[in-house]
Amino acid sequence: MRQLELLQHTDTVNELLARYGVRFGIYKNNTFKEQLFPFDAIPRVIEYEEFLYLERGLKQRVTALNLFIKDIYSDKKIVKDGVVPEDFIFASSGYLAECEGILPPKGIYSHISGIDLVKGKDGNWYILEDNLRVPSGASYPMIARELCRRSSPETFHDNHLEDNRNYAQLLRQTFDHVSVGGHTVILTPGRYNAAYFEHSYLAERTGAHLVNGSELKVEDDKLYYVAVNGKKERVGAVYRRISDEYLDPMNFNPQSLIGIPHIFDVFRKGNVALLNAPGNGVADDKGIYYFAPKMIKYYLGEEPVLSNAPTYLPFYKEDMAYVLEHFDNLVLKDVAEAGGYGVVFGDAMTREQREAFIVLLKKEPRRFIAQEVIDFQDLDIQEEGGRVPRKADLRAFVLMADEPLVWKSGLTRFSRNSDSFIVNSSQGGGFKDTWVLSQ
Amino acid sequence: MKKLHFDYCMQIAYSEVVSVCHFTIKCFPMKTLRQEVESTSIELYPAVTYSTGEDSFGNRQIYGENTIPHDTFQFHITGDVRTGLAGWEKEDDGKMTAVFRHPHGLNVAGEALYAYHVGLKTSLPAGNYEKGIYLMNRLYHDFAYEKGCTGMDTTAEQAWKLGRGVCQDYAHIMIALLHREGIPARYVTGMMIGEGASHAWVELCHEGKWYGLDPTNNAPAGDDYIRIGCGRDAADCLINRGIMHGGGNQMQTVRVSVTETDF
Chain A
1 MRQLELLQHT DTVNELLARY GVRFGIYKNN TFKEQLFPFD AIPRVIEYEE
51 FLYLERGLKQ RVTALNLFIK DIYSDKKIVK DGVVPEDFIF ASSGYLAECE
101 GILPPKGIYS HISGIDLVKG KDGNWYILED NLRVPSGASY PMIARELCRR
151 SSPETFHDNH LEDNRNYAQL LRQTFDHVSV GGHTVILTPG RYNAAYFEHS
201 YLAERTGAHL VNGSELKVED DKLYYVAVNG KKERVGAVYR RISDEYLDPM
251 NFNPQSLIGI PHIFDVFRKG NVALLNAPGN GVADDKGIYY FAPKMIKYYL
301 GEEPVLSNAP TYLPFYKEDM AYVLEHFDNL VLKDVAEAGG YGVVFGDAMT
351 REQREAFIVL LKKEPRRFIA QEVIDFQDLD IQEEGGRVPR KADLRAFVLM
401 ADEPLVWKSG LTRFSRNSDS FIVNSSQGGG FKDTWVLSQ
Chain B
1001 MKKLHFDYCM QIAYSEVVSV CHFTIKCFPM KTLRQEVEST SIELYPAVTY
1051 STGEDSFGNR QIYGENTIPH DTFQFHITGD VRTGLAGWEK EDDGKMTAVF
1101 RHPHGLNVAG EALYAYHVGL KTSLPAGNYE KGIYLMNRLY HDFAYEKGCT
1151 GMDTTAEQAW KLGRGVCQDY AHIMIALLHR EGIPARYVTG MMIGEGASHA
1201 WVELCHEGKW YGLDPTNNAP AGDDYIRIGC GRDAADCLIN RGIMHGGGNQ
1251 MQTVRVSVTE TDF
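Chains as they are written, first to last, in this note's numbering: chain A, 1 to 439; chain B, 1001 to 1263.
Be a bit skeptical, because a hint or two may be false.
Stated by the list, open to error - Some chain B residues close to chain A (C-beta under 8 angstroms, calculated; not the full set):
1) V1099
2) R1101
3) R1232
Everything labelled a hint here was simulated from the structure, so no lab data went into it. Virtual Cβ for every residue (Gly too), placed ideally from N, Cα, C.
Only chain A is shown next, with the shape it has when bound in the complex:
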């Protein structure tokens, strides 16, 4: 690629991002701190044909994941047919028995999915994680693109890429598809949430009300938005950015102050759509990830377009043997953890750590997965001294409306340090815009 004019404006874009409040909140030592989410102006570029391929694979995957969740909370055929062992479902923290027998509007459980991929040095794409609960991140490339266009219009005149500013329309289409009638709201836990910027930005862009729990109220098995003047208006869809546990103190964690009492009962009666549907975490468990390609074959009768990173489940005896034998080449993940925590590299452990880990692994094999360390492609970022390579992944956003929609962009995150493979934003990395070429 020719040197982009845009690159001269990196500082301007970062200053504007800071001014617009594009931040990432983190809790460290019990205090809330916000940090800027550093933007690197060199875009990740995905060729037109390559993205068509990704799109096909992502649609297929998210369609199968939705069918899986629906099956789990109703007939459980995939368990009865022995494709997925019970242990990975009913003992998983993402499974909510409270959702048994509930069919959400239009039968959709994961409306907004954030699928994390990496591109290996072999040129193949691998899926690393399916994030279905409340995946965040779309707002960052949205606003970055906006600011980049403003800073360097010629860059976007000279390069032919897909416009990614339609995310809000796709989201709106997704809301409207499942809404049972009435307002659509975005429910935020509030100002001190890591992704508060995103909540407010998406509300502004989609035209949905940004609300907190105290502004919603259940009456006669229906959900209402209560305005400051006391006027009540029916709510048909809630894009909730709070986790299942805190959603409804009468059905889940009774200590929750940010939820809405009985909202889950309204959902159970089919009188409101919740995006994403409660209980869908059963499909984004790191242990369940292993089974996603099997789900595609089981529900769709198709071969998976996109592959998982080679993964082993110590739960299976053969896999345990493999893991113990190739310990140094593997990355081990605790299925109960998220955000880049609970991830350890076999070769980075001291002897004592490794011995202690193996004891734990043998005791609780269900708790871990092991993966081959994928040598994924580096992307260049700009630093003071020039360009340096960093590990990067891609979070693709797949929305489920009357058909699956893949946003022609995505969040590219890169690691802060050259020796790190962990690109999670909670761990201090930065992000890039993702360009999908339009021809």
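Start from chain A and add chain B according to the hints.
Same frame as chain A, now just chain B:
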């Protein structure tokens, strides 16, 4: 087969006025294979309108919001139930059976219960039902009934380490032991003749049928028992759940009476 009349009254007295409260009550005996409900009447104080529904375990519930300021909340239900119509409950379509095979919430075992189970394992007979009878009998003798030493949130493991508890603890421990054997087991709430409070016991699945066993009394749950609801643990089938604004200190009293009546 018996005909039982029940009277369940729960009262919560608050030291300060409650301005708003939300409530969910699951205290409704339902028709099952073992029992038939002839009549029920419900009274709420303060009298407010409520919604009705069923939870994911098939338990009937009423819920709503109470915006009448009050310092006492009362729920009163009476009715007549014919019990002992069958010795088991049917497995419905078996969809939920797998759910009840896995540890969850308050029935999760730890090192102490693993060790207890290992000690019993060699003497266990064949068959889920027979295993259940054996475990019930052992637990009845190895655990002491004592009120006030455990609470609503006590887990099976904690109660077992303590060595004492009430029906809820007996049930959780027994479910934990059955899970160690891979046997589907669930927590049942209900009422029985001779108890002044609500009661809890266990159902285990054996050859497609759910059998009720009461480890607190070392007996199968026969026609002295009125079944209210079931779940994985006590938290799934709490008879009363509420959150309130105001209220100060609260004092809950439950009076239950179950008496045999003529047909």
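Hint check:
1. The criterion of a C-beta within 8 angstroms of any C-beta in chain A is met by V1099 (chain B), whose closest approach is roughly 5 angstroms, and the hint holds.
2. A cut of 8 angstroms between beta carbons decides the hint on R1101 (chain B): the least distance to chain A is about 7 angstroms, and the hint holds.
3. For R1232 (chain B), the interface hint holds, since its Cβ comes within 8 angstroms of a Cβ in chain A; the closest pair sits about 6 angstroms apart.
Comparing the model with each earlier hint shows no violations; every hint is respected.
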